[in-house]
Amino acid sequence: MTDTQIALCPVGHTQVARPRTDGQDSKETDNMLLSWAASGMLDVSEFFDLVGTGVDVNCRDSNGQTPLMLATAAGFVHTSRFLVELGADPHASDAQGRTPLNMADSATVAEITAAAEALEMRRLGEGSLLDAAACGNTDAATAQIQLGVDIDCRDSRGRTPLMRAAMLSHSGTVKALLDLGADPLIRDSAGMDACALVRLSRYGMSDP
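Per full-length UniProt numbering, residue 1 is the first one in the sequence shown, and the count goes up by one each step.
Read the hints as simulated data drawn from the structure, not as lab findings. Even for Gly, the Cβ is constructed at its ideal location relative to N, Cα and C. One should not assume that every hint holds.
[Claimed, not checked] Label-pair restraints from in silico Cβ distances:
id, residue 1, residue 2, range
1, R202, S62, 48 to 56 Å
2, G158, A110, 31 to 39 Å
3, Q96, L119, 37 to 45 Å
4, A140, E120, 18 to 26 Å
5, D61, D179, 30 to 38 Å
6, H78, D179, 31 to 39 Å
7, N63, E28, 29 to 37 Å
8, S62, N102, 14 to 22 Å
9, G64, Q146, 16 to 24 Å
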């Protein structure tokens, strides 16, 4: 067993994790999100607590409108900001060419613009952390975490910095991330946790 596996895998953790399904119909989920945004419910965050984060925040209704368009058109500032923080596109246009920024009042425009800028900064930080972990640059990864970047942020495959470091056998970085609180039980979009990915990568069965 490698140093990376020893750091990651507790005794008895030997099964490859399997994809998790909750039976939620994607269209139904999208429609629920549209309804929540359109109604301006400030606890829209509870929706994501219930169904998870695999929801298309830029889904559209029959008129080509996204949840953010509905929320901004109704003047729901807090809901609009929350949706942008989740990745809603403020520049998307509907069938008539209107964007959320076109539909919003000045106060809402200011809020969603600020949220979009903050989201971009967060993504840059997360990208730097993910890259540092993949390169085994422990100091750079630690610095990003100390700046407030989410230690369990994800890449496009749902993989965390810990997963990236583990798959490439950067045992020092793996240990540092675990010491800083990285969650080794998180699963990627294929249902694999860090320990499972290490085992697969050893046999060339998973891309770094």
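Quick rundown of the hints versus the structure:
R202 and S62 have their C-beta atoms about 49 Å apart, which keeps the hinted 48 to 56 Å range intact. Taking 31 to 39 Å as the suggested C-beta distance range, the pair G158 and A110 conforms, at roughly 33 Å. For the pair Q96 and L119, the beta carbons lie near 26 Å from each other, so the given range of 37 to 45 Å is not met. Taking the beta carbon of each, A140 and E120 are about 20 Å apart, inside 18 to 26 Å as hinted.
Between D61 and D179 the beta carbon distance is about 46 Å. The supplied range of 30 to 38 Å is therefore violated. Between H78 and D179 the beta carbons are some 37 Å apart, a value that agrees with the proposed interval 31 to 39 Å. At roughly 19 Å, the beta-carbon separation of N63 and E28 lies outside the given 29 to 37 Å, and the hint is violated. Roughly 20 Å separates the CB atoms of S62 and N102, a value that falls within the hinted 14 to 22 Å.
The hint said 16 to 24 Å for the Cβ distance between G64 and Q146, and at roughly 43 Å that hint is violated.
In this structure, the earlier hints numbered 3, 5, 7, 9 are contradicted, and the remaining ones agree with it.
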